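One line per chain: the protein sequences are A and B, in this order.
For the record, in the first sequence the residue sitting at position 49 is 464 according to our numbering, with numbers rising by one throughout.
For the record, in the second sequence the residue sitting at position 32 is 155 according to our numbering, with numbers rising by one throughout.
It should be emphasised that the hints constitute simulated quantities derived from the structure, not laboratory data.
Take these hints with a grain of salt, some might be off.
Computed list of lysine-lysine pairs in DSS-like fashion (alpha-carbon distance at most 30 angstroms, straight line) [to be verified]: (1) A:Lys481 with B:Lys233; (2) A:Lys470 with B:Lys165; (3) B:Lys233 with A:Lys435; (4) A:Lys520 with B:Lys221; (5) B:Lys125 with B:Lys168; (6) A:Lys470 with B:Lys202; (7) B:Lys168 with B:Lys221; (8) B:Lys125 with A:Lys429; (9) B:Lys168 with A:Lys435; (10) A:Lys479 with A:Lys429; (11) B:Lys168 with A:Lys481; (12) B:Lys233 with A:Lys470; (13) A:Lys429 with A:Lys481; (14) B:Lys221 with A:Lys479; (15) B:Lys202 with A:Lys481; (16) B:Lys125 with A:Lys470; (17) B:Lys125 with B:Lys221; (18) B:Lys202 with A:Lys456; (19) A:Lys520 with A:Lys479; (20) B:Lys165 with A:Lys456.
Owing to the predicted nature of the structure, the values given are computational and were not obtained by experimental measurement.
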Amino acid sequence: GAVVSQHPSRVICKSGTSVKIECRSLDFQATTMFWYRQFPKQSLMLMATSNEGSKATYEQGVEKDKFLINHASLTLSTLTVTSAHPEDSSFYICSARERTGANEKLFFGSGTQLSVL
Amino acid sequence: RKEVEQDPGPFNVPEGATVAFNCTYSNSASQSFFWYRQDCRKEPKLLMSVYSSGNEDGRFTAQLNRASQYISLLIRDSKLSDSATYLCVVNLNTGGFKTIFGAGTRLFVKA
Chain A
416 GAVVSQHPSR VICKSGTSVK IECRSLDFQA TTMFWYRQFP KQSLMLMATS NEGSKATYEQ
476 GVEKDKFLIN HASLTLSTLT VTSAHPEDSS FYICSARERT GANEKLFFGS GTQLSVL
Chain B
124 RKEVEQDPGP FNVPEGATVA FNCTYSNSAS QSFFWYRQDC RKEPKLLMSV YSSGNEDGRF
184 TAQLNRASQY ISLLIRDSKL SDSATYLCVV NLNTGGFKTI FGAGTRLFVK A
């Protein structure tokens, strides 16, 4: 099946630093990737939709200048948490949409646990 | 009203029990439907797609009722390893592709 690689799996950083998370589709081209955030014991919350070659679409309440998304190729999207603060500590997960004919499936990266001290 | 609503849970069942998860969605433009399984601090993994005709995969059976905007997942002969959170997922395409997740229902299967 399709594989999505997400890196790094865990980041611990100081408050005020920026953190970049990469999401790669390894065996298919993904024109659309998604970024989610999940706080403990809560469901996945969609942060933004990343479209190859164009600007990302952010969900209401998500600061686009805080969470920079770049989708420069059909296999790579990056999320940069700028000037991270302790309240940004969370589990971040990406997903990529695979289209096979009329079927569409969503495959997830393994997630990045961000801890901001 | 949430776009995708699931049983709040958690469900605590003994091994061998049959357990049913329910899910409703509010947008009639919803196009495709899935059940995902998520283990603690792991990414969600696709369990099965859901079709109007109903589909079965081993101990798992999924049903979709478009008229009622209702989706279900039935697990028969539950195993300890079935313990996880089950997410109801709906894809919309209303000018742009969007995936909506339910809040999930936690299942604990006990010996």
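Here is what the structure says about each hint:
1. A:Lys481 with B:Lys233: 43 angstroms, violated
2. A:Lys470 with B:Lys165: Holds, because 28 angstroms separates the two Cα atoms, which is no more than 30 angstroms.
3. B:Lys233 with A:Lys435: 40 angstroms, violated
4. A:Lys520 with B:Lys221: 12 angstroms, holds
5. B:Lys125 with B:Lys168: It holds: about 22 angstroms lies between the C-alpha atoms, which stays within 30 angstroms.
6. A:Lys470 with B:Lys202: 45 angstroms, violated
7. B:Lys168 with B:Lys221: 18 angstroms, holds
8. B:Lys125 with A:Lys429: Not satisfied, since the Cα-Cα distance of roughly 36 angstroms exceeds 30 angstroms.
9. B:Lys168 with A:Lys435: 24 angstroms, holds
10. A:Lys479 with A:Lys429: 21 angstroms, holds
11. B:Lys168 with A:Lys481: 28 angstroms, holds
12. B:Lys233 with A:Lys470: Not OK: lysine 233 of chain B and lysine 470 of chain A at ~47 angstroms, beyond 30 angstroms, violated.
13. A:Lys429 with A:Lys481: 16 angstroms, holds
14. B:Lys221 with A:Lys479: 18 angstroms, holds
15. B:Lys202 with A:Lys481: 43 angstroms, violated
16. B:Lys125 with A:Lys470: Holds, because 27 angstroms separates the two Cα atoms, which is no more than 30 angstroms.
17. B:Lys125 with B:Lys221: Since the Cα atoms of lysine 125 of chain B and lysine 221 of chain B sit roughly 15 angstroms apart, the hinted pair holds (cutoff 30 angstroms).
18. B:Lys202 with A:Lys456: 22 angstroms, holds
19. A:Lys520 with A:Lys479: Measuring from Cα to Cα gives roughly 26 angstroms; hence the hint holds.
20. B:Lys165 with A:Lys456: Holds, at roughly 12 angstroms.
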